[in-house]
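Using the hints, position chain B against chain A.
There are 2 protein chains.
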Amino acid sequence: MNYIFNRVCRRLTYSKYSQHYRTLTEFSEQRYEKNDRSYVNVSIKLSYVTAGLIGCYFYVNKEQKFAYAAKLEKKNEAVIPGKFRNDLPTFSLEDIQKHNNSDARIWVYYKEGVYDITEFVEGHPGGEQILMAAGGSVEPFWMIYGIHENPHVYAILETLRIGNLKKEDLKSLVDDMDDPYANEPRRHIALKPASKKPFNAELSPLLLCENFITPKNHLPVPEVDPDNYELEVEIEGKSRILSFTLDELKKLPKHTITATIMCAGNRRSEMTKVKAVKGLNWGPAAIGNACWTGVKLRDILKLAGVTEDEENLKHVQFEGLDFDATSKQYGASIPLWKAIDNRGDVLLAYEMNGVPIPRDHGFPIRVIVPGVVGARNVKWLSRIYVSVNESPSHWQQNDYKGFSPSVDWDTVDYTKSPAIQELPVISAICNPLDGQKVHLEEGYLKVKGYAWSGGGQRIVRVDVTIDGGKTWHVANFDAQDSAVPPKHWAWTLWSLKIPINEKIKDGEELEIWVKAIDSCYNTQPESFENIWNLRGVLNNAYHRIKVNVCR
Amino acid sequence: MNYIFNRVCRRLTYSKYSQHYRTLTEFSEQRYEKNDRSYVNVSIKLSYVTAGLIGCYFYVNKEQKFAYAAKLEKKNEAVIPGKFRNDLPTFSLEDIQKHNNSDARIWVYYKEGVYDITEFVEGHPGGEQILMAAGGSVEPFWMIYGIHENPHVYAILETLRIGNLKKEDLKSLVDDMDDPYANEPRRHIALKPASKKPFNAELSPLLLCENFITPKNHLPVPEVDPDNYELEVEIEGKSRILSFTLDELKKLPKHTITATIMCAGNRRSEMTKVKAVKGLNWGPAAIGNACWTGVKLRDILKLAGVTEDEENLKHVQFEGLDFDATSKQYGASIPLWKAIDNRGDVLLAYEMNGVPIPRDHGFPIRVIVPGVVGARNVKWLSRIYVSVNESPSHWQQNDYKGFSPSVDWDTVDYTKSPAIQELPVISAICNPLDGQKVHLEEGYLKVKGYAWSGGGQRIVRVDVTIDGGKTWHVANFDAQDSAVPPKHWAWTLWSLKIPINEKIKDGEELEIWVKAIDSCYNTQPESFENIWNLRGVLNNAYHRIKVNVCR
Numbered sequence: 015m016n017y018i019f020n021r022v023c024r025r026l027t028y029s030k031y032s033q034h035y036r037t038l039t040e041f042s043e044q045r046y047e048k049n050d051r052s053y054v055n056v057s058i059k060l061s062y063v064t065a066g067l068i069g070c071y072f073y074v075n076k077e078q079k080f081a082y083a084a085k086l087e088k089k090n091e092a093v094i095p096g097k098f099r100n101d102l103p104t105f106s107l108e109d110i111q112k113h114n115n116s117d118a119r120i121w122v123y124y125k126e127g128v129y130d131i132t133e134f135v136e137g138h139p140g141g142e143q144i145l146m147a148a149g150g151s152v153e154p155f156w157m158i159y160g161i162h163e164n165p166h167v168y169a170i171l172e173t174l175r176i177g178n179l180k181k182e183d184l185k186s187l188v189d190d191m192d193d194p195y196a197n198e199p200r201r202h203i204a205l206k207p208a209s210k211k212p213f214n215a216e217l218s219p220l221l222l223c224e225n226f227i228t229p230k231n232h233l234p235v236p237e238v239d240p241d242n243y244e245l246e247v248e249i250e251g252k253s254r255i256l257s258f259t260l261d262e263l264k265k266l267p268k269h270t271i272t273a274t275i276m277c278a279g280n281r282r283s284e285m286t287k288v289k290a291v292k293g294l295n296w297g298p299a300a301i302g303n304a305c306w307t308g309v310k311l312r313d314i315l316k317l318a319g320v321t322e323d324e325e326n327l328k329h330v331q332f333e334g335l336d337f338d339a340t341s342k343q344y345g346a347s348i349p350l351w352k353a354i355d356n357r358g359d360v361l362l363a364y365e366m367n368g369v370p371i372p373r374d375h376g377f378p379i380r381v382i383v384p385g386v387v388g389a390r391n392v393k394w395l396s397r398i399y400v401s402v403n404e405s406p407s408h409w410q411q412n413d414y415k416g417f418s419p420s421v422d423w424d425t426v427d428y429t430k431s432p433a434i435q436e437l438p439v440i441s442a443i444c445n446p447l448d449g450q451k452v453h454l455e456e457g458y459l460k461v462k463g464y465a466w467s468g469g470g471q472r473i474v475r476v477d478v479t480i481d482g483g484k485t486w487h488v489a490n491f492d493a494q495d496s497a498v499p500p501k502h503w504a505w506t507l508w509s510l511k512i513p514i515n516e517k518i519k520d521g522e523e524l525e526i527w528v529k530a531i532d533s534c535y536n537t538q539p540e541s542f543e544n545i546w547n548l549r550g551v552l553n554n555a556y557h558r559i560k561v562n563v564c565r
Numbered sequence: 015m016n017y018i019f020n021r022v023c024r025r026l027t028y029s030k031y032s033q034h035y036r037t038l039t040e041f042s043e044q045r046y047e048k049n050d051r052s053y054v055n056v057s058i059k060l061s062y063v064t065a066g067l068i069g070c071y072f073y074v075n076k077e078q079k080f081a082y083a084a085k086l087e088k089k090n091e092a093v094i095p096g097k098f099r100n101d102l103p104t105f106s107l108e109d110i111q112k113h114n115n116s117d118a119r120i121w122v123y124y125k126e127g128v129y130d131i132t133e134f135v136e137g138h139p140g141g142e143q144i145l146m147a148a149g150g151s152v153e154p155f156w157m158i159y160g161i162h163e164n165p166h167v168y169a170i171l172e173t174l175r176i177g178n179l180k181k182e183d184l185k186s187l188v189d190d191m192d193d194p195y196a197n198e199p200r201r202h203i204a205l206k207p208a209s210k211k212p213f214n215a216e217l218s219p220l221l222l223c224e225n226f227i228t229p230k231n232h233l234p235v236p237e238v239d240p241d242n243y244e245l246e247v248e249i250e251g252k253s254r255i256l257s258f259t260l261d262e263l264k265k266l267p268k269h270t271i272t273a274t275i276m277c278a279g280n281r282r283s284e285m286t287k288v289k290a291v292k293g294l295n296w297g298p299a300a301i302g303n304a305c306w307t308g309v310k311l312r313d314i315l316k317l318a319g320v321t322e323d324e325e326n327l328k329h330v331q332f333e334g335l336d337f338d339a340t341s342k343q344y345g346a347s348i349p350l351w352k353a354i355d356n357r358g359d360v361l362l363a364y365e366m367n368g369v370p371i372p373r374d375h376g377f378p379i380r381v382i383v384p385g386v387v388g389a390r391n392v393k394w395l396s397r398i399y400v401s402v403n404e405s406p407s408h409w410q411q412n413d414y415k416g417f418s419p420s421v422d423w424d425t426v427d428y429t430k431s432p433a434i435q436e437l438p439v440i441s442a443i444c445n446p447l448d449g450q451k452v453h454l455e456e457g458y459l460k461v462k463g464y465a466w467s468g469g470g471q472r473i474v475r476v477d478v479t480i481d482g483g484k485t486w487h488v489a490n491f492d493a494q495d496s497a498v499p500p501k502h503w504a505w506t507l508w509s510l511k512i513p514i515n516e517k518i519k520d521g522e523e524l525e526i527w528v529k530a531i532d533s534c535y536n537t538q539p540e541s542f543e544n545i546w547n548l549r550g551v552l553n554n555a556y557h558r559i560k561v562n563v564c565r
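Just so you know, the sequences run in chain order A and B.
If you count the first sequence from 1, position 146 lands on 160 in this note's numbering, and the numbers rise without skipping.
If you count the second sequence from 1, position 496 lands on 510 in this note's numbering, and the numbers rise without skipping.
Keep in mind that the hints were calculated from the coordinates and are not lab data.
For identical chains, the list gives no copy identity; a pair is met inside one copy or between any two copies.
Simulated crosslink set (SDA-like; lysine to any residue; CA at most 25 Å straight-line):
# : residue 1 : residue 2
1 : K460      : S431
2 : K316      : D355
3 : K484      : S541
4 : K206      : G293
5 : K328      : F491
6 : K484      : N445
7 : K511      : D427
Every value quoted in this text rests on a predicted model; they were computed, and no experiment measured them.
Bound conformation, chain A alone (with noise of 0.2 Å):
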């Protein structure tokens, strides 16, 4: 009965009935044989959320798949969710923080009301991905998933009400002025921190597919007045210096592309296993997508006199208002022919999914390079200098290059190689997540993630085993967009059902692997010991993660 027991809740999770579900209180089978088929009819009472009751019966046939499902009652009542309750106590932003795992219990908050949600992970549609609001606001993550946006979930949020959040705490924030980073903007909650000055986070892979942008600083975010925003271009051997504020930016001809945006370090955390590397300990999330709007470089390049035959002039510098320490500016490059060129789709952006860029993200003007590392697309830019040389910056010269294996701190020479743009096929599996406890749906197993190649190439294939190898599964394609190599800039989101063979028993552990393939038919290697570097870039090996199969 406990195997038939779950699947009805599992499958009332995923019915168009989640949103009514709130406990099970009563349960009956009674088994039958029919037309050469035996079935279980399945009596089910679910306490209703708001009031009274649901009764569902289901069928089960012999394969336990479920055949029909019939009989809904239901009483609806007007729920204001989140509202101010008298007969509730009240507790602080602190009160409600230290209630962040089932030991404390977990609480969250919603608009000025508290909730006990400890109980009801267990039966959350999104599964675990509720705990990421533990001790903390569940509103960013409503954002997010716009399901929550619904009647009925207010309904079953308000069944789990305890309590009222301190009025003062709603607007709490202090502001420190002698730091630095006094004037970083607010950051979502569900941005985990890989470093917080300059402010690095990471956000859940799982959170990841729903194109989400993690901001990725290199120092702290300036404050800029878009009155008062002039952008230098200069020529290196010419002395006109044109300039132009944000509203004559605006006024240039405006072009929109879609771009996945990746740091060098993404994944880097995989490549610290095989050995410490210098960097932050970046998971699979240092990568985002967007749709971004802006005038083409290109164009201002045109209108500074530069053209697409030039010959002695081979890069193009970008300088960002972000100061270091030492009072030097962030600074980076890349060649010419990207700038210049028609298919190259360099933008200087002033939108970000169709509002002013924020403040993370390079407000008012960041350089969209297209399929090159992130840390060429200049945030908060000032100055582009076309040179015949590359960027004399750090970040240019003694950074984002990628080394041999046996490359140590004692031999390494930064000029012996050359400056990360374009980056290699990745992939990485979002869902489910590394250590998982992992649920069959009908006897599949469901992973999800992203691929994406640098340079404009499209994601032709992605492969996924769990058997080492053995046996590869071809993913399906959730969301890719339609431009053609080489101007497909934006990432391919997968999805895949993998059968689960009968005889893995409850607990057992399973290995998933990914790979991707794109449409130069690179792939990524096998693993992290070859491509180990130590600045711990380009961490493009298989994606493996372990899960735990729950029967």
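The following block gives chain B in isolation, referenced to the frame of chain A:
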């Protein structure tokens, strides 16, 4: 003594005296100490190649390094190599062909001279490469290795003279007029055919890095009369057909590029070891590099009215003058962007390495699509068709595509994979050969080979290991053209001297691996297991060979 004796012989082999050296007739050594160093004074006498003796004295220091060579005596005699000699017997080509191994003795011929080189093989400065001429002519190899055009070499050869070649055999060629392949061009003796009809041959990797091109054909080689040749250019949806004679094409602006062309099946024989595939059993030499001269396809398309902003037309189809048994022409296509882009460098070539393209390579016109798989570099070009669609040919639609390792001939669906265009990064070791006995040079093992990447990417690093990846050695680049990505079309020739630990004994087996990294920092997959595909294409796993060390 034997050790020093061997070293003297090897040293001579690589010294400026190598041409004089025939056999060692006297050897003596005398050890002494001087200035805290231990010396061995070695006195040797060598029989001189034409007459008399040569005496050299070598000083060998404690590290077995030669410090000094002195006293050379010689007598020269004029030699006319390969000239008919009345005092020697005459042999037929058939006689010579039987003597192709050391048991039967090894014979070669040069012009009218027949030579027994059995004893000379060991002392040959170029090592065992000489065996490729066994039972045949040395001339084709000497054309590649210019060093042989030297009076000393002729002199050595004449000391091995045993007879004359039958005059009739010098011009022997038998044509079977019923054979569709009867008019095939005469092929270089160094080409080992993977298939004879159509002719698909591979060069020994030892010769490969000497800039020699392997011909790879799908169908019989057509015989084209250059005076009657016409190239047709047609645009889908337009009624006007352009046509160009060879002379008209040669009057258009002339461009030269150096480009490597590789077959998608290069190195297939290694993938076959995992599991059988369909296809010719290519080693690592189904690749070649040459200078190509001709007209830019871009210029032809512009004459035909196709612009860079063309939105409906997507592909440029090519048809060759070679027909299969059902009278279907060879055909292929490339994306229009590649054909028309200023940086695409697609040529309609009429010269290869400064001479009219040989018949095997596509006389009179071959399309050169740099960075793209050989199959799209259509030979004996007859027609260009700019279209909404890809070429409908078998080779575009149902061949030259990649698949997951789990796809077999029962499940394969050719519509699911894109036609291979740009190729992924690859490398190979050309010298030593797999299974070869290798002599160390002053404690070092010399390894050389090629590396290349499609799409105009440059090779930025080649890593070699002889200890399964524990230590990686970065190779030196011996030849790399100066073009920058994404217009870097030629391969990179590399070499490396790897220090061999003294613990490695005589006869011990070493496994050498190589991998290359391109300017997108894409690298090769480690093994063939996870990239296996039923057609045996895209064989770019690490190249691994085994050699035995000779101390």
